[in-house]
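4 protein chains.
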Amino acid sequence: MDDEGAHLVAEVADCIQIGARNMQNYSLLKTVGKINKPVLLKRGMAATIQDLLLSAEYVLAEGNPNVILCERGLRSFDSTSRNLFDLTAIPVVHQLSHLPIVADPSHGTGRRDKVTPMGRAAVAAGADGIIVEVHPHPDRALSDGAQSLNAEQFGEMMRQLRRVAEAVDRQIAGAGAGVA
Amino acid sequence: MDDEGAHLVAEVADCIQIGARNMQNYSLLKTVGKINKPVLLKRGMAATIQDLLLSAEYVLAEGNPNVILCERGLRSFDSTSRNLFDLTAIPVVHQLSHLPIVADPSHGTGRRDKVTPMGRAAVAAGADGIIVEVHPHPDRALSDGAQSLNAEQFGEMMRQLRRVAEAVDRQIAGAGAGVA
Amino acid sequence: MDDEGAHLVAEVADCIQIGARNMQNYSLLKTVGKINKPVLLKRGMAATIQDLLLSAEYVLAEGNPNVILCERGLRSFDSTSRNLFDLTAIPVVHQLSHLPIVADPSHGTGRRDKVTPMGRAAVAAGADGIIVEVHPHPDRALSDGAQSLNAEQFGEMMRQLRRVAEAVDRQIAGAGAGVA
Amino acid sequence: MDDEGAHLVAEVADCIQIGARNMQNYSLLKTVGKINKPVLLKRGMAATIQDLLLSAEYVLAEGNPNVILCERGLRSFDSTSRNLFDLTAIPVVHQLSHLPIVADPSHGTGRRDKVTPMGRAAVAAGADGIIVEVHPHPDRALSDGAQSLNAEQFGEMMRQLRRVAEAVDRQIAGAGAGVA
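First to last, the protein sequences are chains A, B, C and D.
For the numbering used here, add 158 to where a residue sits in the first sequence, where the first one is 1.
For the numbering used here, add 158 to where a residue sits in the second sequence, where the first one is 1.
For the numbering used here, add 158 to where a residue sits in the third sequence, where the first one is 1.
For the numbering used here, add 158 to where a residue sits in the fourth sequence, where the first one is 1.
Bear in mind the hints are in silico, worked out from the structure with no lab data behind them.
Glycine included, every Cβ here is placed at the ideal spot set by N, Cα and C.
Check each hint, because a few of them may be wrong.
[Claimed, not checked] A few chain A positions that, by computed beta-carbon distances, are all more than 12 Å from chain D:
#, residue
1, Met203
2, Ala204
3, Asp236
4, Asn241
5, Leu242
6, His256
7, Val292
8, Met316
[Stated by the list, open to error] With a cut-off of at most 30 Å between alpha-carbon atoms, the simulated DSSO-like pairs for lysine-lysine come out as follows:
#, chain 1, residue 1, chain 2, residue 2
9, A, Lys195, C, Lys188
10, B, Lys188, D, Lys192
11, C, Lys188, A, Lys192
12, D, Lys195, B, Lys195
13, C, Lys188, A, Lys188
14, D, Lys188, B, Lys195
15, D, Lys188, B, Lys188
16, A, Lys188, C, Lys192
17, C, Lys192, A, Lys192
18, A, Lys188, C, Lys195
19, B, Lys192, D, Lys192
20, B, Lys188, D, Lys195
Put together the whole structure using the sequences plus the hints.
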């Protein structure tokens, strides 16, 4: 993703995602700060929460107030999971910032069968939404198949998330995974 | 804690806790394996889940089947929290082992106002219980006051945990924090 | 640093440095791969050595063979040093790749009085060069003063590095810090 | 290793080694503090240097002044090496403490062909000695063979270390690896 790519994406997408490896690509952050689209900013794999908030400032300072933060897991010594999913980031961000924070249990765990329980945990911790990878045939996916749900698994996960959301006085709108 | 201490504790306590710094103290693990009391084995601060399960084997191999595992957070570069609370350990342990696993959001976060949301997340992830530090006057606690709840905060946390437990089809028994 | 910045730097500089935060900025890597200047590629703060070598491939694949790798320290839980200086990266890179690798003891330690001993260690481990921050008045430096040497300290360091270089059958050319 | 083991070892050994997993086994530290033998205290795999120095205090406080600290590598996300060898610990300990510090490039790297270059780096960083695993037939070793040198490799390493030691104004005494 570069400046030109950001403009191309903005023409067709509802939201521009800045991936973990670009969290401190300050040139790109400034570019998307000038585009009139929401920005999903993923936490870098060794970024502190302060680093994440400071990166968000580059977008905000250019005039784009619509930044959504995303916890997607940190690099770790334990290969049981793909990343170390730091859900404490959720209440920490809520204390330090007005920005919403969503969680990505697909990258956060890297294992299909861990996505639903950790999605539940994210909602219970107060996440403002989750992003999750879904594929009609995960085993044939060109990338990230090991962490993708199929349609049936996604439906079951959403059913479970609705119950947890209610238990923490949140509501899940429509068919998406946003929590209101 | 040493062998003599383990026997002293066993005389008066219902459960013997092996702290994170002793998770690989194999002599102590063998000692508590020969004592007829449940053992709460806390994960070391840089231990993989496999390390934790292998440590539990030292207790089990001596004939004590009552081992409870505990996630209490890993060492991290981000000082926002005292430790990096690895809740993915819960579904991972449930997949790999028959042993129950509880979570310690007090050590896992180190901050009083993060204990309740992360306790909720632990229950939503499937924890079989939580352990939490409570003190009548946390600010006067001799240790760990910053992560201790007072009685009122504890009551409020339990009220919230009950709702989350129901949402994941678990029940919280009596006044304690065990999840059935 | 972005594509435009890379071209501006290339007009006046002998070498283009890609900082740790841009190690996986693939668009920038491709851009400098098309510029006829040597590229100093710094390891990201949570990058494996394989990640570093794969990032170098983006530059090489565009036709620029002059890539110099740089170890500058990893993110760590111990705040005694600014970063965790991973000198084992030097023999590992020498085994896996034909590319030269230099070490940055200034960022690697973040403390002025640790730069010289860790510069010596880097040379002894086989580094093909070091990069070091020097300032006439480090206490007045606009950035990184705490890890900068003054001219006298730099001279003393170079005197020590020459002796270590000889002990490992390398030679230090001219006034710079390259090791031949 | 436990209290009884420490006394058994002390009967026959010149030095008692406390391994990384026991660095915070305070009962054991107190026990060896009362035995009249030097203690080699290895840094835990997620211990800060301050943690290491505080563990040494448990030995010193019992009256045993002969504590040797040892850097043996930290847990890391990069499986290229067995551990992440933190040689900056050497000048840091020299600044903060009067205690000697040695380095263990065998555990620090876990790979036979990395032991010699990282042994050289340790001496150049100012290590007061190194400990290294040697086996007549490393491929038949019951443990740690992958990081053990054979006799010929050990001889070659010592030849190289002597040259580096001279370059930093230290001398290697006799056949051992101590640096005076």
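Do the hints match the structure? See the list:
For Met203(A), the non-interface assignment is contradicted: its Cβ lies about 9 Å from the closest Cβ of chain D, within the 12 Å cut-off. Listed as outside the interface, Ala204(A) is inconsistent with that label: its C-beta sits roughly 9 Å from the nearest C-beta of chain D, within the 12 Å cut-off. Not every CB of chain D lies more than 12 Å from the CB of Asp236(A), the least distance being 9 Å, so the non-interface label is violated. For Asn241(A), the shortest C-beta to C-beta distance to chain D comes to about 10 Å, within the 12 Å cut-off, and the non-interface label is violated.
A beta-carbon of chain D comes within 12 Å of the beta-carbon of Leu242(A); the shortest separation is about 9 Å. Every CB of chain D is more than 12 Å from the CB of His256(A) (nearest about 33 Å), matching its label as outside the interface. Val292(A), annotated as away from the interface, keeps every beta carbon of chain D farther than 12 Å; the closest lies near 28 Å. The Cβ of Met316(A) lies farther than 12 Å from every Cβ of chain D, with a closest approach of about 33 Å, so its non-interface assignment holds.
Between Lys195(A) and Lys188(C) the alpha-carbon distance is near 27 Å, which keeps this suggested pair within the 30 Å criterion. Proximity of Lys188(B) to Lys192(D) is assessed by CA-CA distance (about 24 Å); at most 30 Å being required, the pair is judged to hold. A hinted pair counts as satisfied when its Cα atoms are at most 30 Å apart, and Lys188(C) with Lys192(A) qualifies at roughly 24 Å. Simply put, Lys195(D) and Lys195(B) have alpha-carbon atoms about 37 Å apart, too far for the 30 Å limit, and the pair is violated.
Taking the CA atoms of Lys188(C) and Lys188(A), the gap is about 20 Å. The hint holds against a cut of 30 Å. For the given pair, Lys188(D) sits about 27 Å from Lys195(B) by alpha-carbon distance, which is consistent with the 30 Å threshold. As the CA atoms of Lys188(D) and Lys188(B) are separated by approximately 20 Å, the hinted pair is consistent with the 30 Å bound. A distance of roughly 24 Å separates the Cα atoms of Lys188(A) and Lys192(C); the hinted pair therefore holds under the 30 Å criterion.
About 28 Å separates the Cα atoms of Lys192(C) and Lys192(A), which keeps this hinted pair within 30 Å; it holds. For the hint pairing Lys188(A) with Lys195(C), the CA-to-CA distance comes to about 27 Å; that is within 30 Å, so the pair holds. Restraint check for Lys192(B) and Lys192(D): the C-alpha separation of about 28 Å stays at or below 30 Å, so the hint holds. Restraint check: the Cα-Cα separation between Lys188(B) and Lys195(D) comes to about 27 Å, which is no more than 30 Å; the hinted pair holds.
In this structure, the hints that do not hold are numbers 1, 2, 3, 4, 5, 12, in rising order.
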